[in-house]
Amino acid sequence: MQRHQQLSLTVNGEPAEVSFAPYKTLLELLREDLRLTGTKHGCELGECGACAVLLDGEPKLSCLVLALECQGKEIETVEGLARGATLHPLQAAFADLGAAQCGYCTPGILMTAKALLEKEPQPTRERIKEAISGNLCRCTGYQQIFEAIEAAAKVMSDESHR
Amino acid sequence: MKVIGKPRRRVDGRAKVTGQTRFADDIVLPRMLHMKLLRSPHPHALIEGIDCSKAQGHPGVHLVLTGKDFPVTFGILPVSQDEYPLAPEHVRYVGDPVAAVIAKDEQTAAEALDLIAIRYKPLKTISDPQEALQNPEPRIHAYSELGNIHRLQAFEFGDVQEAFAKSDHVFEDLFFYEGNTHLAIEQHAAVAEVDGEGKLTLWSSTQVPHYVHRSLARVLQLPASHVRVIATPNGGGFGGKCDVCNHEMVVAKAAMLLGRPVKICLNREEVFYMHRGRHPVLMKFRTGVTKDGRLTGMHLQTLIDGGGYGSYGTASTFYTGALQTVTYELPRYKFEAARVFTNKPPCGPKRGHGTPQPRFGQEIQLDKIAEKLGMDPAELRLKSVLKANAITANWLKIGSIGLAECIRQVVERSGWKGRFRKSPFGKGLGLACGSYLCGAGLPIYFNKMPQSGVQLLVDRSGQVTAFCGATEIGQGSDDVLVAIIAEVLGIDPFDIRCVTGDTGMTPVDLGSYSSRVTVMMGNAAIQAAQKIKDQIAVAAGETLGVSPERLGFANGKVFFDNHSLTFAEAAGLAEEKFGTLGSVGSYKPPRAPGRYKGAGVGPSPAYSYTACVVEAEVDPATGWITVPKIWIAHDIGRTINPVLARGQVEGSVYMGLSEALMEEQVFRRLPPKLSGALVHKIPSLLEYKSLTSLDMPEVDTVLIEQEEGMSDPNCPFGAKEAGQGPLLPVMPAVANAIYDAVGVRIDELPITPDKVLRALERKAKGETPRVGPDHFPAVPYPEPVVVPPPWEGGDGNASKGFQKTKLKVGAS
Amino acid sequence: MMRLPWFEYRAPNSVAEAARILDGEGADAMLIAGGTDLLPNMKRRQMAPKVLVSLSGIEELRSNGKSYGAGMTLTQIVNSNAPAALRQAAHQVATVHLRNMGTLGGNLCLDTRCNYYNQNYEWRKAIDFCLKKDGDICWVATASKRCVAMSSTDCAPALLALGARLKLVSSKGEREIAVEDFYNNDGIEYLKRRPGEILTEVQIPKDVNSTYWKLRRRGAFDFPVLGVAAALSKDGVRIALGAVASRPFLVEKANTFLLNRTLTDEVIDEAAGLVASRAKPMDNADLDLYWRKGVAAEFTRYALRELRGDDMRETRLRIARQVL
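Residue numbers (the numbering used here), protein chains in the order written: chain G, 5 to 166; chain Y, 11 to 822; chain D, 725 to 1048.
Everything labelled a hint here was simulated from the structure, so no lab data went into it. C-beta atoms are modelled at their ideal positions from N, C-alpha and C, and glycine is treated no differently. Just so you know, not all the hints are guaranteed correct.
Claimed, not checked - With the Cβ distance kept under 7 Å, some of the chain G side facing chain D (calculated, not the full set): (1) Lys64; (2) Leu68; (3) Leu72; (4) Gly76.
To be verified - Between beta-carbon pairs, the in silico distance windows are: (5) G/Glu78 with Y/Arg418: 34 to 42 Å; (6) Y/Arg32 with D/Asp752: 56 to 64 Å; (7) G/Glu130 with Y/Phe456: 52 to 60 Å; (8) Y/Gln473 with D/Val1047: 50 to 58 Å; (9) G/Ser164 with D/Arg985: 32 to 40 Å.
Unchecked claim - Per the computed footprint, the stretches of chain D lying under chain G, defined by three or more beta-carbons under 8 Å from a beta-carbon of chain G, are: (10) 729-738; (11) 817-827; (12) 943-953.
Could you put the whole structure together from the sequences, leaning on the hints where they help?
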């Protein structure tokens, strides 16, 4: 059995070549082999959403994606949200409006929210609740998260109309 | 004020949304190794032999440790230093750590765990308080007070029997509050390293780096001056990271033996075993009232399931009784408590620490009392709310109290008057209140030193760096520190850096527990900032030709009239005049009036108050419960950052509702003839239920502030806590709402549809429409410590002539 | 971190190739599609296949225009033109992330569940394992000779009510069976799948008025602790129950009773009682088992009222906490 595999994929818009142990999930590949520790883990069994990333644009749980199946894929993590040093509107809204307290569930929710706003630029409160219902948060009680996503949606909509 | 009270991006917000915040498991060091713990598969057993040879020989394994490597015990409280980093002989719950493997990666370490062979001799298992009371042997701990009863307490503040005899009504009610756990999304993690000087550094996701530091020194027998503990920002704590942990001791020792960094991250199941969560408590309340709704006396008995070790348990036991008196006028109070050991993960402090359980009982009983007396529950409470600066029957001095306004707010905003007892069947409102302290008055180990210290660096660049041992666990303590200093010095919060939770760099702060940080760190910060401000004022005053007390500090300037300097210029002048600048502030809580033995738990510089109305809908066909909306008003004194304060309140409401409806730390006992197993029924994030975004109701939050001039003098800018108090009223308000909706009482938690349906079935049959405990066992409470209350000639001491007599055994 | 065990990995490009690999590896190999059921089981060491045969690279499993490919993700099912019962069932599986990953086929083949079995390796060791995996005793029913782990698929009851058919392909050929013939009332051998067979597609009749009601504690994540599916076609009403046995099943008693009967309140009530009498949940899942049995009657009422045209949206919102 091969103890290491090679993989080429795109992470946050940049090509990456990694050598990794084949039992690893995408979560472990990101955190350990690519040193991108922004993606968090709360259970590694798909039960909390903390590890959510975008895989070819779709929110998925990296703890249940085999790294082996990411050849040629495009992965987006929280580290890729900002443009240079300018925060993505979602990041700014989360930081300003109390959507991040301990910050541990935040990367997973940010990526999930980004995918939502790209599909539905003006989601209703109900749609926002549904979209992040797979992300557990123990700190906020969710309300300020909904408001931050709505605020970001407004900013992004204003920006796109300019 | 320029900073205090203004909504602002929190100082650590950017790092959290970019993924830059370094949590413990994000730390990677060169040559780092990985550790995994082997845990007992038996709930109660003796270790007869351990064979590590195969594990030690497994390729990639660097070290195997067992109990014999750790002869010194530890424990967060001095009275219960009953934990070994690795159990040498006696294991007390499934999950009790017994060995450690350190290897090149986690996968290898996990493989090697399976190669460790341990021979156990199972002992009789004690699975609940009933069994603990009935089985004094085998002793789970030799130091327990009586058999497997860890701790017994009894206090009497005024003759309650006499008060009952003179009351118009005496209400007796039983309640049960199931245990639950913190469920922080971040699992515990720690990294230990021998640094460049050969000294130990430990990064850990902990709320209490100072206590961990002290324990490390003791357990590893190192001089405390050669140990450094850095609390990484916690991904949630809620009290679950307040103990000194087995894995912290073991990872530190491993690093020292190997001379290489070692990391451990617990998996989710292990976090359930670490636990230190809410104690399950059975309660019996007897309360006397006059016919116009005034309390005459209360007698509370509790039976507390402590799990396998002491943890904070002795304090938790006190807390289940101590704060019953700080909300409503209560002339006489008797409190009896017992904590037992059982073979389950140890219970400790979870948000509210011992007070949510009796609060649940008290606030439901008040609802029952109001109904019997034909009074509105809000009116009943408003009649008895304590006055500011009152001293309670058990000698706690409260400061400011905004509870009456809180009650009025939730009553008005929920439309209470038109809806309570007037809603259609199946819909209802429930009201409850809560109180919590702003920091325990005493430190965990007795000493007369400050409980918080803040050190400031200020220089000619205009930058300020604040150092404090307080720990950022998500609650916003870093932001509070920065906001307070910014307000005093009149500068932009963004010009301030803070360094917190590092015992090698920051002055001692006891940690982020008991809601102490805003008050204690805040007061220390004001003191430190004021000293620097005074120096700058003197130096700037000289240059500007103005006396120092006439100078204003605001908007980054130091000014009088049209003369002004930038803060940086003024700081430079102070450097010239006084030399290198630096200041220290510290804080010690005022001494509480109680003098009796046991008076140490309960006192606080201040108390916060909360009122809550819950709207509930119940489907009578299935018992299905929906909570569409919750109104909450919290007496916060002064809001430092309204965005964060609101988050703390809403987060508390979320967690309270989650506990009310679905959280439970429950265990499974297999049929004893077939197996000795006593296992956690649901140690996963899937099966241990917590609210998702779809389960969360709308929350209407009001923060009640005291007017300037009326604010609590013990509190920095009058700011009180917000992280725990708002949780307390939610659970009883849910129970009260269900009663209003369908007329059934659920006197236990969690409140689930099957219980509601069962109670409805009883109602239909004409039986008592209630689900809850029916029986309170005989507990050998001791003779109470008798302490006359302030209004009966007491002086805070126990009565003269009081002697601790033999324990009274018999019916309670 | 919980980690997967070591495994070998194959990524065939066609069903035929996958079938050949399965034949070659025998019992050492397991199929993986979305991985959302298999990978947690592997991390907990409930399963430790030597070889994983990935279906994610096989286009023909996704869709062929006529029927539903077993490789379609649950999100794709939700967004498709499938009948309401299937879309409602798929929509309530797990969470949005897991639906982007999990497949229709995977949900149909979902491992049976039990809270003595769906636990980490160390936990199961502490109870000496159980009948389903590595042990001798069923801890739910210690006298039981068979495993009573619970069927936890949402899509299967919906497809049962719809009268769907499944296609299974192996290197030896293919066969089509009714959904009800795929399941076995045994917690261990819960699928009537022959060795080497791959579920490739699902054929669903059109023009069926259908509905699915799922009972679970929360609005997301949780597996069903009761599933009631109902469909009304020209052949009558079909009601199916999920999550009350080791397999999902049609409630023949109720379906026979409802034949040629108008859905009045009295008829619905009687049918509800018949359905509840066939629900025999065990104490191996969330929420009180007697209560769950009682809710089966109420869910049947909701389903039949919906089929007859009542507006059940408010009730559905209360139970599901989201609207499809």
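Okay, the hints, checked on the actual structure:
1. Lys64: holds, 5 Å
2. Leu68: Holds: closest Cβ of chain D sits about 5 Å from G/Leu68, inside 7 Å.
3. Leu72: holds, 5 Å
4. Gly76: Where the cut-off is 7 Å and the nearest Cβ of chain D is about 11 Å from G/Gly76, the hint is violated.
5. G/Glu78 with Y/Arg418: 34 to 42 Å: This hint is violated: roughly 56 Å between Cβ atoms.
6. Y/Arg32 with D/Asp752: 56 to 64 Å: Check failed, 42 Å falls outside 56 to 64 Å.
7. G/Glu130 with Y/Phe456: 52 to 60 Å: holds, 55 Å
8. Y/Gln473 with D/Val1047: 50 to 58 Å: Roughly 53 Å apart at Cβ, these two residues keep to the hinted range, so it holds.
9. G/Ser164 with D/Arg985: 32 to 40 Å: Since G/Ser164 and D/Arg985 have Cβ atoms about 56 Å apart, the given range 32 to 40 Å is violated.
10. 729-738: holds (count 6)
11. 817-827: It holds: at least three residues are needed, and the region 817-827 of chain D offers 7 whose Cβ sits within less than 8 Å of chain G.
12. 943-953: Answer holds; 3 residues pass the 8 Å Cβ test.
Checked against the numbered hints above, the structure breaks hints 4, 5, 6 and 9 and satisfies the rest.
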